[in-house]
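Engineer: The task is simple: from the sequences and hints, build the whole structure.
First to last, the sequence lines map onto chains R and S. Counting from 1, one number per residue, gives the positions in the first sequence under the working numbering. Counting from 1, one number per residue, gives the positions in the second sequence under the working numbering.
Simulated from the structure, these hints should not be mistaken for lab results. Not one of these hints is a red herring.
Derived SDA-like pairs (lysine to any residue); straight-line CA-CA distance at most 25 Å:
id : chain 1 : residue 1 : chain 2 : residue 2
1  : S       : Lys141    : R       : Leu273
2  : R       : Lys176    : R       : Arg251
3  : S       : Lys141    : R       : Arg66
4  : S       : Lys121    : S       : Phe200
5  : S       : Lys141    : R       : Asn274
6  : S       : Lys141    : R       : Arg182
7  : S       : Lys141    : R       : Thr65
8  : S       : Lys121    : R       : Arg280
9  : S       : Lys121    : S       : Arg142
10 : S       : Lys121    : R       : Thr263
11 : S       : Lys121    : R       : Leu269
12 : S       : Lys141    : R       : Asn91
13 : S       : Lys121    : R       : Met94
14 : S       : Lys141    : R       : Arg281
15 : S       : Lys121    : R       : Asp277
16 : S       : Lys121    : R       : Glu93
17 : S       : Lys141    : R       : Arg270
18 : S       : Lys121    : R       : Ala264
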Amino acid sequence: MMDNTPLPGHALADPLAARDHARAQGGTIVEAMPMLPPLADDLPAGMAADDLLWEETIAAAGYATRSLPRGARLRLIDLHGDAAATIQIFNAEMPSERLNVADTVKIQWNAYLGAGKLLLSDMGRVLMSIVEDSAGTHDAFCGASSPVSNAARYGDGANSGTHPSARDRLLLGAAKHGLGRRDVHPSITLFKGARIENDGTITPQIGPFAPGRHMLLRAEMDLIFVVANCPHVLDPRDGYTVTPLRATAWRGAITPVDDPIRTATPEGLRAFLNVEDHYRR
Amino acid sequence: MPLDPHLAGLPGAIVHDDIVPARAPWLHPVAAGQTLRIVDLEGNQAVDFLIYAAADDAERYSAQDTVACQANLFLRTGTRLMSNEGRPMMTIIASAIPYHDTIGGACSCESNTLRYGHHTKSQHACVENFLEANLGQGRGKRDIVSNINFFMNVPVEADGALGIVDGLSAPGLTVDLRADMDVIVVVSNCPQINNPCNAFNPTPVRMIISA
Chain R
1 MMDNTPLPGH ALADPLAARD HARAQGGTIV EAMPMLPPLA DDLPAGMAAD DLLWEETIAA
61 AGYATRSLPR GARLRLIDLH GDAAATIQIF NAEMPSERLN VADTVKIQWN AYLGAGKLLL
121 SDMGRVLMSI VEDSAGTHDA FCGASSPVSN AARYGDGANS GTHPSARDRL LLGAAKHGLG
181 RRDVHPSITL FKGARIENDG TITPQIGPFA PGRHMLLRAE MDLIFVVANC PHVLDPRDGY
241 TVTPLRATAW RGAITPVDDP IRTATPEGLR AFLNVEDHYR R
Chain S
1 MPLDPHLAGL PGAIVHDDIV PARAPWLHPV AAGQTLRIVD LEGNQAVDFL IYAAADDAER
61 YSAQDTVACQ ANLFLRTGTR LMSNEGRPMM TIIASAIPYH DTIGGACSCE SNTLRYGHHT
121 KSQHACVENF LEANLGQGRG KRDIVSNINF FMNVPVEADG ALGIVDGLSA PGLTVDLRAD
181 MDVIVVVSNC PQINNPCNAF NPTPVRMIIS A
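Structural biologist: Printed below as a string of structure tokens:
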């Protein structure tokens, strides 16, 4: 929905009229926007409203960034079944440490992400763990669409046009934390999948899916989280098809030593030990 | 003098010819149109491989753009090695083995602590080689991304199970890459001794650049 406030004829010349026109937009509600202060009526039972950190619906073709403290829970909801959340994760205090997709699949001896899996950094630490996943279709291989791939499929891939790419969105998001081209790294796309056949063929799982699939992630370090919501790079549809993504985050306890995800595998346990060692200060 | 079999079939004059010792880094420019041949001298030696555009090294090899572009994980003869800007950097024009890996990444001291245990922290690793080679040209840790592992075999099973298994290579086998733009190639001749990528035994490789 666009701003429908009538533009008074004299607003073009009269600064106060322009101010009145601008101010009249205040309080407008659209689907894709942040809620400040954050407000959500579907939080887990027993959660204090004060612990809510972030409530935002990210537009189709949009992006968002957020600093998340260690222990925070991040819930992502594919509201209408066609979200594609391509993500970057950085250690907030040392962003040269970041998501490493190769280590994420290699260290866990598996190509597919889901509940109980860890998102690992290039420093042998766990950045986030996947606590819940009702989607089951995620992709650690194909990465972000680019201006080139979008131009090939849709005829245009510019940020300023109607078919922006995930890569360009991630670059803008990273830039807002002082990061640049060297910092945008291989990504993971949540909610859209990639199955790998025996001969290496990648079969994209694009949907559209049932509305309301969700993931619950837990920040295991202080993070910068960047997410782009653009069509999957191998989406075969002619049209640029993507729907809004909802993000909600709240404060949570740092993962305890007996947490079942922490202790599930020897490799994962050592990744948590490395995190705990990093914060031993 | 007997013909050097490792030079057979190269398109032009040899402009560079190096032996990379076991466990060592290597860096060299390759001009557009030149061919780089990698010779797996003793067999089953993983060659961890990154590419930077010579004109702008924030443009670099992208494993994800490469596999998405061909909708296949394996790098074979004909695969175009794509940059993060969506441009072909090099093309595999010949390969003596069926495919090479680009999902397994590079071993690091830190990932070794996860995969094998903290007792391996002091062992040499590919990321150490990548850092050493890149630091000399002003690049650093942010410039290290998912790499290629020539001569390494990482199959993915139906349930997603994935691991480095015995290589497909043998002594003297080669892969040839034609540069599609002026590039800088950075290699770690993988020093890993805890998995089958090098048959638990790192060995030298030969890098030949032909005009």
